[in-house]
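Number of protein chains: 2
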Amino acid sequence: MANFDLMRELALKQGGKILLLVMDGLGGLPREQGGLTELETARTPNMDRLAKEGSLGLSIPIERGVAPGSGPAHMALFGYDPLVYDIGRGVLEAIGIGLEVGAGDVAIRGNFATVDANGLITDRRAGRISTEEGEKRVELLKDIQIPGIEVEVKAGEGYRFALVMRGEGLNADVADTDPQATGVTPLPARAQSPAAERTAELANLWIAEAAKRLKGHEPANMVTLRGFATDPNLPKYSEVYKLNAACVAVYPMYKGVSRLVGMNVQQTGAHDTIADEFNQVASIWNDYDFVFCHVKYTDSRGEDGNFDAKVQVIEEVDRNLPILLGMNPDVVVITGDHSTPATYRAHSWHPVPTLLWAPGTHMTDYAESYGERACIQGALGQFYAKDLMPMALAHAKRLAKHGA
Amino acid sequence: MANFDLMRELALKQGGKILLLVMDGLGGLPREQGGLTELETARTPNMDRLAKEGSLGLSIPIERGVAPGSGPAHMALFGYDPLVYDIGRGVLEAIGIGLEVGAGDVAIRGNFATVDANGLITDRRAGRISTEEGEKRVELLKDIQIPGIEVEVKAGEGYRFALVMRGEGLNADVADTDPQATGVTPLPARAQSPAAERTAELANLWIAEAAKRLKGHEPANMVTLRGFATDPNLPKYSEVYKLNAACVAVYPMYKGVSRLVGMNVQQTGAHDTIADEFNQVASIWNDYDFVFCHVKYTDSRGEDGNFDAKVQVIEEVDRNLPILLGMNPDVVVITGDHSTPATYRAHSWHPVPTLLWAPGTHMTDYAESYGERACIQGALGQFYAKDLMPMALAHAKRLAKHGA
Chain A
13 MANFDLMREL
23 ALKQGGKILL
33 LVMDGLGGLP
43 REQGGLTELE
53 TARTPNMDRL
63 AKEGSLGLSI
73 PIERGVAPGS
83 GPAHMALFGY
93 DPLVYDIGRG
103 VLEAIGIGLE
113 VGAGDVAIRG
123 NFATVDANGL
133 ITDRRAGRIS
143 TEEGEKRVEL
153 LKDIQIPGIE
163 VEVKAGEGYR
173 FALVMRGEGL
183 NADVADTDPQ
193 ATGVTPLPAR
203 AQSPAAERTA
213 ELANLWIAEA
223 AKRLKGHEPA
233 NMVTLRGFAT
243 DPNLPKYSEV
253 YKLNAACVAV
263 YPMYKGVSRL
273 VGMNVQQTGA
283 HDTIADEFNQ
293 VASIWNDYDF
303 VFCHVKYTDS
313 RGEDGNFDAK
323 VQVIEEVDRN
333 LPILLGMNPD
343 VVVITGDHST
353 PATYRAHSWH
363 PVPTLLWAPG
373 THMTDYAESY
383 GERACIQGAL
393 GQFYAKDLMP
403 MALAHAKRLA
413 KHGA
Chain B
13 MANFDLMREL
23 ALKQGGKILL
33 LVMDGLGGLP
43 REQGGLTELE
53 TARTPNMDRL
63 AKEGSLGLSI
73 PIERGVAPGS
83 GPAHMALFGY
93 DPLVYDIGRG
103 VLEAIGIGLE
113 VGAGDVAIRG
123 NFATVDANGL
133 ITDRRAGRIS
143 TEEGEKRVEL
153 LKDIQIPGIE
163 VEVKAGEGYR
173 FALVMRGEGL
183 NADVADTDPQ
193 ATGVTPLPAR
203 AQSPAAERTA
213 ELANLWIAEA
223 AKRLKGHEPA
233 NMVTLRGFAT
243 DPNLPKYSEV
253 YKLNAACVAV
263 YPMYKGVSRL
273 VGMNVQQTGA
283 HDTIADEFNQ
293 VASIWNDYDF
303 VFCHVKYTDS
313 RGEDGNFDAK
323 VQVIEEVDRN
333 LPILLGMNPD
343 VVVITGDHST
353 PATYRAHSWH
363 PVPTLLWAPG
373 THMTDYAESY
383 GERACIQGAL
393 GQFYAKDLMP
403 MALAHAKRLA
413 KHGA
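Line order of the protein sequences matches chains A and B. Read in this note's numbering, the first sequence has 312 at position 300, and its numbers run on one by one without any break. Read in this note's numbering, the second sequence has 206 at position 194, and its numbers run on one by one without any break.
Derived from the structure by calculation, the hints contain no laboratory data. Be a bit skeptical, because a hint or two may be false.
Simulated DEER-style distance windows between Cβ atoms [unchecked claim]:
#1 B/Gly77 x A/Ser250: 38 to 46 Å
#2 A/Glu327 x B/Gln45: 22 to 30 Å
#3 A/Pro191 x B/Ala358: 52 to 60 Å
#4 B/Gly131 x A/His414: 53 to 61 Å
#5 B/Gly77 x A/Ser295: 38 to 46 Å
Some residues of chain B that are not near chain A, with every Cβ distance over 12 Å (derived) [said to hold, decoys possible]:
#6 Glu21
#7 Lys64
#8 Glu65
#9 Ile156
#10 Glu180
#11 Gly181
#12 Arg202
#13 Ile388
#14 Gln394
#15 Asp399
Not everything, but these chain B residues come out facing chain A in the computed CB check (under 10 Å) [as the list claims (entries may be wrong)]:
#16 Ile161
#17 Gly317
#18 His407
What you are looking at is a predicted structure, and each value in this text was computed from that prediction instead of being measured. Built from N, CA and C at the ideal position, the CB exists for glycine as well.
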């Protein structure tokens, strides 16, 4: 990929220290025509000061008009063209619920389903059982032994779970067993190329044993497997950017993607506050060139459709920002991975407010505060999210000149 | 092409209804330094209201600095990368004068030329005969019979005409017969690959018969053929975007390109007014997800160099806009295919003012009216025209999320 070739050529081992603060789903829309967005509404004196001093812009996560999932959106923020570096669904699901996926592992999404006495699927989602019910079924499957490999299984939300197969010679080129229909039996795991035949056989052994153990546990008395995928073997931050990088995040998905690009993922608690996260960043700041800090709840409140609560999360970030600024970072990037307007209650395609602050190197624009409309007119313009990392490195004086 | 793969993955069958109103050659320049452009001069209260509520931006038809013809410019507006999806010149010429080009047909541009008694070309454009004289010559050629295929010929402007060959096994890989020089004979049609040999032979039969019939009809006593091309077999709107789309346009070229992408082209009269066109859009609105409406005369008056007349066309569009807004479209896009500044009297490369209005989903910017300078600061930024369709679909909630 041209972008990384250039980074490998230009990235320097020395330079300033970079903080990437991501408020998930940051971008928003006004509640009513002519009104203010969540970010424009929030009282954010610290971010406004950085905005006034630094550069604003809008980032396009994937392509114009395309709303991204969290996986591809973070890949883009990390500098990986999300249409080139595609993390398989099985891997995203697995890392999203906290399973580790290493080199050579095969990760798979699982669904609980209901089958009748003849083995025909009557419900592909097992009556949408609760997460608690799903966890009980997963307990039944945890110690299934398959010869020659290790299998780890973990419950996801509701009827979902994920599976990681670990061992020699595994291959993810296996078709889904979910027939995407009811009234038929699940499909056997079938290799789509000779190299995957053993993996398909092992998956079928696991499915057969799972079916036996789930018998009588209606409505979740069967499993289907989808999205067989392997560690995408991504170029690592240390190799591409020459950065020693760390991740402070609360949700497994963001930890997982960070691990895939070679960040050192910090231990956090599921109930850590924003202040807790920021204090953890501060505590490790001396050990790294680059720290990615992820705040989840802007997205969550946007998905809830709760405009005011999203505003409050943004204000909480701003109130705690002095913890991060107290580290004296050379470059601060504050952005989102995508927009989640509360009016929209979902990820959207709208370009994402981005703030880049790097005293001595940032361009100044006319912005007086951090908000969508200010970003429209900012010095960074509209850019693809995958170009953010080169900009951050440049502002940290970590990129050499290209050509003579 | 990655973009269409993404559209095929994400496009939904359900969603809002989209109106794409194209004022051909909309973009302009001030008459004098510091003045207003045509669009800025025009009194457009309806468009100004939409601009104030919605998002503005500037579209780049092909590449920065590149002035496009109408064919590639519309391909881009329709979402087809014009540097990837190249419609052959013969096809553009043929559809531009109203010939249909179907799958397997070969379309060719023809010129009338003058040859002397020895068959040497003395004028490659037959003394630039009038369209009326050209039409008379075409009458002589209309019923030429070629064994095994059907040939349709139609007069264009002046010394130009177009030809469509229809039948089994045709192939457009045939070199031009126009030697691009005088004092030499026209070249025979020559196949550039074995599969095109029969087509070249059939073309030579047609040329020989045409030469016989034109004998004595100086100055147009010979023909040359150029730009052999076949139906480009473009992905269709229904397949790529899952849109049931219609086209309301007066000029054959725009109808032709619309037909090539699978729009249902409506019957119009050559002398339809803007109000007639808008009323036709309204009359079919219930039957389609997407309607493309093309206004030609902004471009025509720009090409004439008539600034005031171009302003008047824009004002006429605005006056009649309530006909379209009365349909309550979910998404309205008002743009041009390229700029045709009256001061320039030709298509130009200047990025094109674009207005996107979609209550509930559009971003708001600081624009108070629709004009070039307002667009520079708009929420859409500067974007490639090929990205307009994904944005329109997104605003109509017709695109699913990409990735998890």
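Quick rundown of the hints versus the structure:
no., hint, verdict
1, B/Gly77 x A/Ser250: 38 to 46 Å, "holds, 40 Å"
2, A/Glu327 x B/Gln45: 22 to 30 Å, "violated, 48 Å"
3, A/Pro191 x B/Ala358: 52 to 60 Å, "holds, 59 Å"
4, B/Gly131 x A/His414: 53 to 61 Å, "holds, 58 Å"
5, B/Gly77 x A/Ser295: 38 to 46 Å, "violated, 52 Å"
6, Glu21, "violated, 10 Å"
7, Lys64, "violated, 9 Å"
8, Glu65, "violated, 6 Å"
9, Ile156, "holds, 49 Å"
10, Glu180, "holds, 38 Å"
11, Gly181, "holds, 37 Å"
12, Arg202, "holds, 40 Å"
13, Ile388, "violated, 10 Å"
14, Gln394, "violated, 8 Å"
15, Asp399, "violated, 4 Å"
16, Ile161, "violated, 43 Å"
17, Gly317, "violated, 34 Å"
18, His407, "holds, 8 Å"
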